[in-house]
Amino acid sequence: MAIEVRNVGKRFGDFVALEDVSIRVGDGALTALLGPSGSGKSTLLRIIAGLEVPDSGEVVIGDQDVTHDPARTRGVGFVFQHYAPFKNMTVHDNVGFGLSVRKRPKAEIGERVAELLSLVRLDGLAERYPSQLSGGQLQRMALARALAVQPQVLLLDEPFGALDAQVRGELREWLRRLHDEIHVTTVFVTHDQEEAMEVAEQIVVMNHGRIEQAGSPRDLYESPTNEFVMSFIGPVNRIGDAFLRPHDIQILPESDGSGTEALIERVVHLGFEVRVELKLHDGRDIWAQVTREEAQQLELSEGQILSVRLPAPRVFSS
Amino acid sequence: MRRRRLPRAGARGQGALGKGLLGIYLTALVLLPIAALLAKSSSGGTSAFWREISSPEALAAIKLTLAASAIVVVINAIFGTIIAWVLVRDDFPGKRVVNALIDLPFALPTIVAGLVLLALYGKGSPVGINVAFTRAAVGLALLFVTLPFVVRSVQPVLLELDFSMEEAAASLGARPLTVLRRIVLPSLLPAIISGVALSFARALGEFGSLVLITGNLPFKTEVGSVYIFGQIQNDSLPAAAAVSVALLVVALVVLGVLSFVSQRQSRHVL
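In order, the protein sequence lines correspond to chains A and B.
Position 80 (the first sequence) corresponds to 79 in numbering that gives the first Met the number 0; numbering is contiguous.
Position 73 (the second sequence) corresponds to 72 in numbering that gives the first Met the number 0; numbering is contiguous.
Isolated chain B, as found in the complex:
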């Protein structure tokens, strides 16, 4: 059946205004800076671009960033989901405080977070753990700053999840683990993926919390953002821009793939 669209000049005018604002806003905040970055990275031609990102130090930094982000994101997916589960399904004294604590990594300036981590898990650690200037420190700092993403995206979905689905599965003979694997996790997966995407993007670009605790040792603990910062300080802008573009492309691809998977998964669930 064809539906005739009624002329609604006012509404259409508002729609155009909204789209226009969105366009200007995104252009000013996202598109222009990215275009400038691309222009900068290609100012020396493609061969210069390839030379910059294939320099051993740049490659090592990019590899470390990607590997650390990937590991951190997997840990986040598991522990973020468990934390969300406990916060939604269990009752314990101080639950509200714990719930508020989850957002702390967002509120704390990352450089302060780095300082705190260094004091706690660095040389002379009061808990006897010293990871300063190691790759473990990279993971630790990234875990800290990305903690809220999965928790906060899974929590509302878990709250809305129809508990009678789990009861139905149990009454059909499913053991608790089967219920978790076949009913609960598939329902949570889109939210977990969206949390994972956000934490991955954040981990790729993280700078403040890493700069103190990792020691920025080239080929060992130097991540992409720190490498970029170093290149800017050395006045080597094309190198900085090239690595930025490489990270940007990876981020876009990963976000695109995750959003595709998540949409496929949530098609029938939501």
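So here's chain A without its partners, still in its complex pose:
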């Protein structure tokens, strides 16, 4: 089902969490709400889920205005940041909870739970309690629990935030593939631009309770419409009001007289990528991103003086 949020506003006391926010999420799309903490992204997600009531505006799921409906009737699967497992129940009862409150027969619940546990690769753990699971397993149990009631939309709040880097990477890829399999309209919140770029088809960038820009990861990276999006998505050098991407800075062989003179202050090897920290002749610090091969060919070393060609910088009028 498509989700449409229209002119939603929300305050908590004096704090403006959301101001006149409108987004549209297409049926079956995988969308990220991306922003720093306090940008209102979680509040927006909770408003879509019905866990928070907006002060103004409307929320439409499918073709129904659900603005004033309670969470329990919205047909929304919600995965909480810390998974919110029902600690007093087994994995089986956690996943089957939504079906059991709908009074489905036991046999049907058992079948569906087994099916879901195998989908999230938790087969054999049905009789465990949440306290006996790892973070990644809890995460997948929470996902299975949300999917059990066949929600019209799936909402995930910082789904990978509390996991260590390796598990996070695996789960991202897995969520991506799961979405290809079950095609439920999915919205997830994250503060990690890399995660948003990797998983989502559409990214909504938020800041201070407003939407800065929405679009495909590539759109946002290549044509950011403002400073915030430019500096939040992808690495950036800032020179006064102008912005340049580090990989757009070209380091020239010494002999070439064109370009700007620069001193290499530091060369950092990050595997395939090499970060070159430079001081321009006018004293400004920037950094360039080159590949390992380029760095080798140019024989970059600290203290070396060479010239660089800067791309036309992007300037945003505010």
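Certain hints may be false.
To be verified - Pairwise CB distance ranges (calculated): (1) B:R174 x A:G123: 28 to 34 Å; (2) A:S55 x B:L179: 28 to 34 Å; (3) B:P125 x A:D54: 44 to 50 Å.
To be clear, the hints were calculated from the coordinates, so they are not data collected in a lab.
Ideal Cβ positions, reconstructed from N, Cα and C, are used throughout, including at glycine.
Since the structure of chain A is provided, determine the placement of chain B on it from the hints.
What follows is chain B alone, placed relative to chain A:
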């Protein structure tokens, strides 16, 4: 995998010291008095012991104590949980004052509590309720002195309870009552049980608040502790000791069962 224990002489020394202190402390305060009590109660042999606790007056007192304690504990479990809920989840002016008020029954000498209850709910009651010298008075006084136990054991657990569990249940389609029954109450149950155990133990031994308002009528409002006091005054120490032992055994059994149930329940919750 086997873990080799590193020799930590200092720590082990401290552990032994701690255990030793605990042993001496418990022996002096709990074990010796109980042993003395058991010795006293059995000084006339088992037949004398059975005779003492099966005297009609002693039996009536023990029965009343157990029945009143059981009823009071059930009421405490319900209202204590509701009070804790309101204090944690709701906001209202004067909440801090109300919160402080809960501990008042602990702070007030129980004899004063009895006096106040008698003045308020006795003969010439300003609110028109007279329960003096009735069994209702036993329950009333016990409710007063045991009020804080369940409230104070449920409150911290409720504060720590992950609210997103309830939100998750709601988003899965559960109505508020279902959320309460299937998520909240099972999580609170160990705390409720531990509060219940404490109030039960307290109710069994309560004396001060009961002695004035109940009138201590044998076969009617005389509870175990008051009966024991009467026997001591009549110089009938074996009878006093026998009833004490009976109450002690009941308390131990009930506390043991409750702690077992509570542990089973909290195995996965905490």
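Here is what the structure says about each hint:
1. B:R174 x A:G123: 28 to 34 Å: About 33 Å separates the Cβ atoms of B:R174 and A:G123, which means 28 to 34 Å holds.
2. A:S55 x B:L179: 28 to 34 Å: 31 Å, holds
3. B:P125 x A:D54: 44 to 50 Å: For B:P125 and A:D54 the Cβ distance comes to about 49 Å; the hint holds.
Of the hints listed earlier, there is not a single one the structure fails to meet.
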